[in-house]
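K.L.:
Could you build the full structure based on these sequences and the hints that come with them?
4 protein chains.
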Amino acid sequence: MAFRTDLAIENKEIYDSKNKDKGIEISGVEIEKEKFCDEISITRIKITNEHGSRELSKPLGNYITLEVEGVVDGPEELKEKASSAVALELKRLVHFHNKLKVLVIGLGNDKVTPDSLGPYTVSKVKVTRHFFLMYDADGDDEMACVSGFIPGVMGSTGMETAELIQSAAAIAKPEVILAVDALAARNVDRISTTIQISDTGISPGAGTGNKRKELTKETMGIKVIAIGVPTVIDSRTLILDSLSGFLKDPAGAESYLEQNGQDMIVTSTDIDQVIKDFSDIISNGINITLHPGIYS
Amino acid sequence: MAFRTDLAIENKEIYDSKNKDKGIEISGVEIEKEKFCDEISITRIKITNEHGSRELSKPLGNYITLEVEGVVDGPEELKEKASSAVALELKRLVHFHNKLKVLVIGLGNDKVTPDSLGPYTVSKVKVTRHFFLMYDADGDDEMACVSGFIPGVMGSTGMETAELIQSAAAIAKPEVILAVDALAARNVDRISTTIQISDTGISPGAGTGNKRKELTKETMGIKVIAIGVPTVIDSRTLILDSLSGFLKDPAGAESYLEQNGQDMIVTSTDIDQVIKDFSDIISNGINITLHPGIYS
Amino acid sequence: MAFRTDLAIENKEIYDSKNKDKGIEISGVEIEKEKFCDEISITRIKITNEHGSRELSKPLGNYITLEVEGVVDGPEELKEKASSAVALELKRLVHFHNKLKVLVIGLGNDKVTPDSLGPYTVSKVKVTRHFFLMYDADGDDEMACVSGFIPGVMGSTGMETAELIQSAAAIAKPEVILAVDALAARNVDRISTTIQISDTGISPGAGTGNKRKELTKETMGIKVIAIGVPTVIDSRTLILDSLSGFLKDPAGAESYLEQNGQDMIVTSTDIDQVIKDFSDIISNGINITLHPGIYS
Amino acid sequence: MAFRTDLAIENKEIYDSKNKDKGIEISGVEIEKEKFCDEISITRIKITNEHGSRELSKPLGNYITLEVEGVVDGPEELKEKASSAVALELKRLVHFHNKLKVLVIGLGNDKVTPDSLGPYTVSKVKVTRHFFLMYDADGDDEMACVSGFIPGVMGSTGMETAELIQSAAAIAKPEVILAVDALAARNVDRISTTIQISDTGISPGAGTGNKRKELTKETMGIKVIAIGVPTVIDSRTLILDSLSGFLKDPAGAESYLEQNGQDMIVTSTDIDQVIKDFSDIISNGINITLHPGIYS
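Protein chains in written order, with our numbering: chain A, 39 to 334; chain B, 39 to 334; chain C, 39 to 334; chain D, 39 to 334.
Keep in mind that the hints are not guaranteed to be accurate.
Same chains, same label: a pair holds when it works inside one copy or across any pair of copies.
[Stated by the list, open to error] Each computed DSSO-like pair below joins lysine-lysine, with the alpha-carbon atoms no more than 27 Å apart:
#1 58 with 314
#2 56 with 286
#3 286 with 137
#4 139 with 149
#5 211 with 129
#6 139 with 251
#7 251 with 137
#8 119 with 162
#9 211 with 119
#10 255 with 56
#11 119 with 164
#12 149 with 164
#13 164 with 129
#14 84 with 119
#15 71 with 56
#16 251 with 58
#17 255 with 58
Hints were generated in silico from the structure; no laboratory data involved.
P.N.:
This is the structure in structure tokens:
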């Protein structure tokens, strides 16, 4: 069955369950697991060749998954640990130096709660480029030159989100783009526990079913790091998954849904708190990474 | 199968489909259909005895359903017609007189888009009670004495919503309470087309699966008119409904979901526009009904 | 005294009061007054040469002022008349044809109530360009091809607002840019009564004291029509104006304020309602102008 | 001159400047100063008799002022220190025990940025009473039983804010009420640096000029602790203060303003960031005080 998920770790889980072997190695896929502060699991999946890419239905590159239980509406201390873990992983992909320029993009629709992670996160990132302009500085030892951009969704702007981002990049001239977005998962539990960081770019609107032009190193000419949190479940996946044991014709059911399913948003009932907590965690992780002299 | 819906008209549809006869009469249920301005269908269901109540799984009373296609993101003129239709039906339940006092309640969570209909609507209703206090007036020929209250949800206040409303009613001393809330429907198409007005009260939190103390004439000692718009689909209903033709053991599937299903919100992808347009339509309908000298 | 105002009509009032003659004609300034529906005053000021420009401290061009009393928290009917008046004046500056392309810009900061007029207005304008893209249409008899853009403020983006708008214009390729912004007035009464439409462009941030790169036909290469509502009073102007009769050294007081005054926002206490009502009026006026087949 | 301020510390400054002696002692006023972490000044003013009350124009009781420079848009670490200082002072007024019940009130209008401190702060306070209800618990060693309530403003509800709070208190039955509100200061610099905690209650709406029924131990029958941040300057105070050196008839100017001044909101241009940072600081301070087992 074709379950839709934006998470590489779920594609690996699906692969494992198909192969009835949880530990099987895939040629072209390297996996590394680690614990951070006991409470956070880090899984680094590296897809190194076309075979791996085909098996996991994902482009070549790095996919880092952070998993943490109990962070939503949980203790402040655990949120801080999660921010530190995000920063630690981001620092492996973005190296601070005193001339670093970064553009942070908040994808999604701030008017629809499960799609508002990107805009909320960017509104909490410390933007600094205007200070560099004001003082005509070309570098700083304590903070990167950071721009922030919330492009909106095509239904509100009438313009391709990727084109707007390209324009912003032409102004900000960043060395790297950080794109924060809501993702789709297969498993509803992931909504309150998981963060995925990847260096393979992003498709704006993927989380809510509106596929758009991709943001990748190829299309943008700039390294694009995506940071996402699953906030929705694909409705077809939910339906098929929930009743998998009760279907008399699974393939027929799937193709029926393909043709008759409606685009819907499926999310968890505490999505407001999920957005609040994860936008705090990710924005702090970004601030620690980009402004080492101010945040710690 | 036990489909969950807050709409009396859907319970009637389910009854009809079970009985393979779309026109069957139910003892204790009176139905009246009408067209308004060609574009709006009005269905008035009156449940007059216990038999009717049992067959439609709804308390005795009146359930008026307004159905209009194309109003979301549609022409201003159609929204105005829908407001007029809401006002026309409301006026049959709330009669304006120069000492009329009304409390308008916005149920739901303004931080979660599909649950924010109530708060948004109340923020657009013209509240006037403070003018009456200021001028020590006990009546007016042009406008009712209207209070507005947005009680929040229990997860944010720690208090029972029904208790907070009772307190507000003790202050405002209304003749009637209008409670605006998001509802759950069986059919996703209803999310952008349907308004239900009923005089049988409301259960705060029903739309998002959090059943709470009821707001009814019995519990409040005051007539309660509920105005609702379906903004979510019950996830178990969605799942069962979507694959009803493919299940080998429907009853087993249903009881499996009862035990293993998770509380999720299922809504349409244009929910932001739905909330915007329907809160406009309903608040205008309320303003026309309560303030005949100002709105028309 | 140098009172700061974005309103041409106030510059004319200041000129008149200095010259102790309310009706004096200025060479290079043409003034036309009209009533719309009895309740709306329209004043069209045309600055035709450098002398007029110098006397009124404004660039050459047209400045249309609409004045209406009692529209804030007032009857729906009066808001509709105000929208019609806005549309009527806009139509003199933007002529609908079936290939018309427009970019509507919402300037200001949606997080600061008196600066949020632009973003709120644009969120209510009907954006259509994505439909034209989807159907590969190059024109329509009922609606213009409209894009919407909310660039944010420099403190949040780190980027020059004018540069971001230029980029959006490069994507949307409009025939005309409509820029909606909050303005500064001298007289606090103007906050709830006045709309200014001009064809001379705009300086983003002027309303809140942050002068920025200008948006004009010269800088953008595209006709720029500005629609503004005064929502703030310049604090130095307020101070000098309030006590003008009690100063022993007016010039000294003025230069003292120039050096010691702080940047502050001065606004009216009902600013939330002002933003709500005027964003409704202006967005409706824009929709009527740009989409004659849908709005009327 | 009658400068209006909600800050006891500013009344003391005014007293000192009138008496041309910064250190003068007032009978009935005890003052204690302290530094916290070098960066935060704490001034505790205790008014012990009617003479002190008259001289400082404030009711008998405790007024604690925290002053910190550079916290707005500043380093995370400094915000955390400020939260600790708030918690330390709050703990002197509210003693945690395992049956502690608290009602936290957010006064003000969430639609007007400078008046939105209360609602924003309460939305970040951890509300727990519903857990106590759910598990039928009458106490807990780690957290207090906390309710949260955002009553709105009279213009939106039509009801007296103090009456609504009394009703909420009748439901939540707290030992103490914490009321968070925006305050008025004389000096604009205080907007980004000062927090006042007092045990003498609060007048909802005072910050924006709408005096209302008081919330005090006398009117509520429950201890009321007010936590406020100056976010506005009284416009008459601003005007008189700015031009004090240039007035030929100060008393005449003052009485002129009394009669001709308009109600306006004067605030700082970075008020959005002020609200964001101070609502974080205060909500964290409250959470640390009330939930010692969860926050630290």
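K.L.:
With reference to the structure, classify each hint as holding or not holding.
P.N.:
Now for the hints, and whether the structure bears them out:
In this assembly of identical chains, residue 58 and residue 314 lie within 27 Å of each other by CA distance neither inside one copy nor across copies; the values are 38 Å within and 48 Å between. Taking the shortest Cα distances, residue 56 and residue 286 sit within 27 Å of each other both inside one copy (19 Å) and across copies (23 Å). In this assembly of identical chains, the alpha carbons of residue 286 and residue 137 never lie at most 27 Å apart, being 61 Å within a copy and 54 Å across copies at closest. Taking CA atoms no more than 27 Å apart as the test, residue 139 paired with residue 149 passes between copies only; the shortest distance there is 26 Å, against 29 Å inside one copy.
In this assembly of identical chains, residue 211 and residue 129 lie within 27 Å of each other by CA distance solely inside one copy; the values are 20 Å within and 40 Å between copies. Both within a single protomer and between protomers do residue 139 and residue 251 lie at most 27 Å apart by alpha-carbon distance, with minima of 24 Å and 23 Å respectively. For the homomeric pair residue 251 and residue 137, the shortest alpha-carbon distance between copies (26 Å) is at most 27 Å, but the shortest distance inside one copy (30 Å) is not. Taking identical chains as interchangeable, the C-alpha atoms of residue 119 and residue 162 lie at most 27 Å apart whether they share a chain (18 Å) or sit on different chains (19 Å).
For a Cα distance limit of 27 Å, the shortest separation of residue 211 from residue 119 qualifies neither inside one copy, at 32 Å, nor across copies, at 36 Å. Taking the shortest Cα distances, residue 255 and residue 56 never come within 27 Å of each other, neither inside one copy (32 Å) nor across copies (56 Å). In the homo-oligomer, the alpha carbons of residue 119 and residue 164 lie at most 27 Å apart both inside one protomer (20 Å) and across protomers (19 Å), since each shortest distance falls under that limit. Taking the shortest Cα distances, residue 149 and residue 164 sit within 27 Å of each other both inside one copy (22 Å) and across copies (16 Å).
For a Cα distance limit of 27 Å, the shortest separation of residue 164 from residue 129 inside one copy, 17 Å, qualifies, whereas the shortest one across copies, 32 Å, does not. Taking CA atoms no more than 27 Å apart as the test, residue 84 paired with residue 119 passes inside one copy only; the shortest distance there is 24 Å, against 41 Å between copies. Taking the closest pair of Cα atoms, residue 71 and residue 56 come within 27 Å of each other only inside a single copy of the chain (22 Å); across copies the shortest separation is 53 Å, beyond that limit. For the homomeric pair residue 251 and residue 58, neither the shortest alpha-carbon distance inside one copy (36 Å) nor that between copies (48 Å) is at most 27 Å.
With identical chains, the CA atoms of residue 255 and residue 58 are never at most 27 Å apart, being 36 Å at best within one copy and 58 Å at best between copies.
In the structure shown, a violation is registered for the earlier hints numbered 1, 3, 9, 10, 16, 17, in ascending order.
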